[in-house]
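Line by line, the protein sequences give chains C and D.
The first sequence: position 174 = 174 (this note's numbering), numbered continuously.
The second sequence: position 151 = 151 (this note's numbering), numbered continuously.
Among the hints, a few may not be true.
[To be verified] Calculated pairs, SDA-like style, for lysine to any residue (alpha carbon to alpha carbon, straight line, at most 20 Å):
{"#": "1", "chain 1": "D", "residue 1": "Lys-210", "chain 2": "C", "residue 2": "Phe-194"}
{"#": "2", "chain 1": "C", "residue 1": "Lys-210", "chain 2": "D", "residue 2": "Lys-210"}
{"#": "3", "chain 1": "D", "residue 1": "Lys-127", "chain 2": "C", "residue 2": "Glu-206"}
{"#": "4", "chain 1": "D", "residue 1": "Lys-210", "chain 2": "C", "residue 2": "Lys-82"}
{"#": "5", "chain 1": "C", "residue 1": "Lys-210", "chain 2": "D", "residue 2": "Asn-11"}
If you are wondering where the hints come from, they were derived from the structure by calculation, not from laboratory data.
There are 2 protein chains.
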Amino acid sequence: VEKIVLIGAGNVGYHLGRRLVERGIELRQVFSRTIEHARKLSRQTGVAFTTKLQDIDDGGSLYILAVPDAVIGEVARVLCKKKWSDTLFVHTSGATPSGVLKPYFSHYGVFYPLQTFSASREIDFSKVPICVDAPHPEDKDRLYALGAQLSEQVYRIDDRQRSVLHVAAVFVNNFTNALFEVGHDILQKEDLSFDLLRPLILETAEKVQKHSPGQMQTGPAIRGDQNTIDRHLAYLEMFPDYRRLYQTLTRHINPEIRID
Amino acid sequence: VEKIVLIGAGNVGYHLGRRLVERGIELRQVFSRTIEHARKLSRQTGVAFTTKLQDIDDGGSLYILAVPDAVIGEVARVLCKKKWSDTLFVHTSGATPSGVLKPYFSHYGVFYPLQTFSASREIDFSKVPICVDAPHPEDKDRLYALGAQLSEQVYRIDDRQRSVLHVAAVFVNNFTNALFEVGHDILQKEDLSFDLLRPLILETAEKVQKHSPGQMQTGPAIRGDQNTIDRHLAYLEMFPDYRRLYQTLTRHINPEIRID
């Protein structure tokens with residue numbers, strides 16, 4: 001049975017910490033440099049907190065570093081000054097190789113929940129895919145077992161696969177959201193409510209929950225509807241940046257469309 | 001009280017026809033050139049169908065042309081050979097000006113449900129925004145009243161606004177789905193399940209149901225995380241088309257990122 005210490009109480013740490021406690025897993029302590037974050041998570045879970053790395057509880061069996069990518073190594077360097085035997089250290093980053101922890105610990109790995117978390121939104125953690133990895137098979141099994149306590153979807157994913165997942169996640173999450181913002185901005189300039197697009201956005205996402213996106217593609221580009229595209233491009237002349245995006249994405253969907 | 005004749009039983013006609021009947025509105029007849037479509041909608045609603053335009057029931061008060069954009073004018077030309085007095089004719093297209101019906105009828109307009117429909121998916125029609133327009137105010141009021149019977153969201157939207165909405169819909173629906181397909185394809189090439197991305201896709205859409213997308217933007221581009229972006233671009237060298245998309249969208253989000 002794991003005794004967990006959670007380093008970091010940002011968006012990932014906040015949701016992960018609450019889920020651990022919700023599932024009755026022993027969470028011994030929460031660390032955050034930001035006292036408001038530490039206090040908030042502590043209040044919601046009843047778990048002790050600290051804001052000082054040197055005060056980290058050394059009685060844990062598993063330390064989860066849910067900190068920004070750029071400081072994983074730095075936190076590891078501070079922690080490794082204590083004497084750890086079989087203690088397992090993992091980070092939660094999609095973009096960082098597990099090897100970043102190798103110089104500091106003999107047992108290390110990755111525990112990556114593939115989801116976009118925000119403090120202001122509840123999430124159904126049982127549906128969050130959890131990607132686990134560790135060089136020692138027994139460590140990987142421990143992480144898999146923990147993942148399975150938190151979520152219905154756990155995957156053994158190596159560094160290379162995780163980096164590919166992270167690229168794909170940028171396309172379907174960050175870039176997609178940027179396109180939502182384009183829609184939002186165009187409507188705002190015409191004094192139209194974004195509520196007009198919200199149901200369409202949700203349905204677009206729901207459609208690919210059962211089907212593959214290739215089967216679901218619709219619209220003027222895939223139809224080869226040059227007339228509509230010409231009208232859209234004419235309208236977009238007042239938004240050169242959006243027009244370029246439109247051209248690039250339209251040509252991506254259908255290379256035969258004329259976009260000039 | 002409207003007596004409706006529905007011309008077209010494709011994705012829009014299918015869902016609209018079923019919703020009309022579900023709401024107890026008089027649907028007198030369904031037309032489709034495709035007998036399977038006509039028969040399916042007829043079977044589900046108990047409404048008579050025809051596959052011949054010359055057999056269209058002339059006792060309707062409102063004719064809804066839910067046909068492909070390219071044939072709206074052609075269908076109108078055939079229909080206008082009958083004698084109509086105050087009968088109202090509308091199309092359901094987001095991309096077609098209402099004026100396409102003007103040469104044929106004295107009462108015409110638009111009844112545009114802003115959603116992506118597919119025969120294989122049920123939809124909550126009460127959440128579908130309906131955009132109505134007509135040159136005669138009393139016709140517009142009739143269409144608004146009908147829309148309010150079908151949906152909680154009805155808007156008076158003129159031709160220009162509707163064309164802007166259509167451009168925006170292409171960004172948030174067609175282009176977004178194309179990005180989902182990129183994610184799907186990258187994962188497939190690595191033998192990873194698209195199930196890994198599905199919860200992320202859904203959450204990305206859910207996040208903007210209450211918030212505006214600009215507040216929700218995350219990821220390496222907005223963070224200015226050049227290291228991660230460099231690694232992504234290196235990985236994407238094997239997918240030149242996806243790499244171009246990545247560059248274009250990353251620069252769109254953050255013009256200060258180096259992408260070469």
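Tested hints:
no., hint, result
1, D:Lys-210 to C:Phe-194, "10 Å, holds"
2, C:Lys-210 to D:Lys-210, "24 Å, violated"
3, D:Lys-127 to C:Glu-206, "14 Å, holds"
4, D:Lys-210 to C:Lys-82, "45 Å, violated"
5, C:Lys-210 to D:Asn-11, "18 Å, holds"
Hints 2 and 4, counting from the list given before, are not met by this structure.
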